[in-house]
Amino acid sequence: SQKIEQNSEALNIQEGKTATLTCNYTNYSPAYLQWYRQDPGRGPVFLLLIRENEKEKRKERLKVTFDTTLKQSLFHITASQPADSATYLCALGLGGGYQKVTFGIGTKLQVIP
Amino acid sequence: SQTIHQWPATLVQPVGSPLSLECTVEGTSNPNLYWYRQAAGRGLQLLFYSVGIGQISSEVPQNLSASRPQDRQFILSSKKLLLSDSGFYLCAWNAGDREKLFFGSGTQLSVL
Numbered sequence: 001s002q003k004i005e006q007n008s009e010a011l012n013i014q015e016g017k018t019a020t021l022t023c024n025y026t027n028y029s030p031a032y033l034q035w036y037r038q039d040p041g042r043g044p045v046f047l048l049l050i051r052e053n054e055k056e057k058r059k060e061r062l063k064v065t066f067d068t069t070l071k072q073s074l075f076h077i078t079a080s081q082p083a084d085s086a087t088y089l090c091a092l093g094l095g096g097g098y099q100k101v102t103f104g105i106g107t108k109l110q111v112i113p
Numbered sequence: 001s002q003t004i005h006q007w008p009a010t011l012v013q014p015v016g017s018p019l020s021l022e023c024t025v026e027g028t029s030n031p032n033l034y035w036y037r038q039a040a041g042r043g044l045q046l047l048f049y050s051v052g053i054g055q056i057s058s059e060v061p062q063n064l065s066a067s068r069p070q071d072r073q074f075i076l077s078s079k080k081l082l083l084s085d086s087g088f089y090l091c092a093w094n095a096g097d098r099e100k101l102f103f104g105s106g107t108q109l110s111v112l
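Chains G and P, in that order, give the protein sequences. Per this note's numbering, residue 1 is the first one in the first sequence, and the count goes up by one each step. Per this note's numbering, residue 1 is the first one in the second sequence, and the count goes up by one each step.
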């Protein structure tokens, strides 16, 4: 069966360090992968998208890698700040007209001052 | 700019009562519209999507239904709520040719 795995346990990291979150998937051939941020009681907010033919994408302090051989994406936040504390969701997109996207359970990141 | 409105923010309903959640999008036309549910400890589950007025596709069989009476309006309904319908309901949209999803602020539904 198809599965998206994110570390459902919270990740605690010291302020200023680099946070690395993992998204693994099985039995998917995604056309793209997205990362979203979700704060408690709020809807997810889009952060980055990376396509199957791309290895790495950057946006300010964020970096995403996509390895279709390992079936894994890594999401990095450099120089982490307490304001980065949130749950981060990865989502796989299969492409197509209405853009069916399947979400992982998310990883809760806590940046400690 | 585009905005998405979803209400109410919280709702407590007894088992067997009806449900109506509304979502509207502004600043765009002919968006794809989605209803997701997020249960505690589980990922976002796609319930319904719509690519146009009156066009509704259901992803999972359930006690809920959706309607799209206008281009930028999406409604989630139930005739009789079950305890298992409790959860965080999110409306989302994207442009037809774009992958990025924009989410509403969500409705926390508690069925008691």
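Don't take each hint at face value.
[Claimed, not checked] Only some residues are given here: those of chain P computed to face chain G with a beta carbon under 10 Å:
(1) Y34
(2) C91
(3) K100
[As the list claims (entries may be wrong)] Within a straight-line C-alpha distance of at most 27 Å, the following computed DSSO-like cross-link-like pairs (lysine-lysine) qualify:
(4) P:K79 / G:K71
(5) P:K100 / G:K100
(6) G:K57 / P:K100
(7) G:K3 / P:K79
(8) G:K108 / P:K80
(9) G:K63 / G:K100
Worth flagging that the hints you see were computed from the coordinates, not collected in a lab. The model shown is predicted, which means the values in this text are computed figures rather than measured ones. The C-beta atom is built at its ideal place from N, Cα and C for all residues, glycine as well.
Hint check:
Hint on Y34 (chain P) holds. Least Cβ distance to chain G is approximately 8 Å, under the 10 Å limit. Checking C91 (chain P) against chain G by beta carbon gives a least distance of about 8 Å; that is within 10 Å, so the hint holds. With its C-beta approaching chain G no nearer than about 5 Å, K100 (chain P) sits inside the 10 Å limit, and its interface hint holds. Restraint check for K79 (chain P) and K71 (chain G): the C-alpha separation of about 42 Å exceeds 27 Å, so the hint is violated.
A distance of roughly 11 Å separates the Cα atoms of K100 (chain P) and K100 (chain G); the hinted pair therefore holds under the 27 Å criterion. A distance of roughly 15 Å separates the Cα atoms of K57 (chain G) and K100 (chain P); the hinted pair therefore holds under the 27 Å criterion. For a cut-off of 27 Å, the pair hint linking K3 (chain G) to K79 (chain P) is broken: about 32 Å separates their Cα positions. Taken as a hint, the K108 (chain G) and K80 (chain P) pair is broken in the structure, with Cα atoms around 34 Å apart against an allowance of 27 Å.
With a C-alpha separation of about 24 Å, the suggested pair K63 (chain G) and K100 (chain G) falls inside the 27 Å cut-off, and the hint holds.
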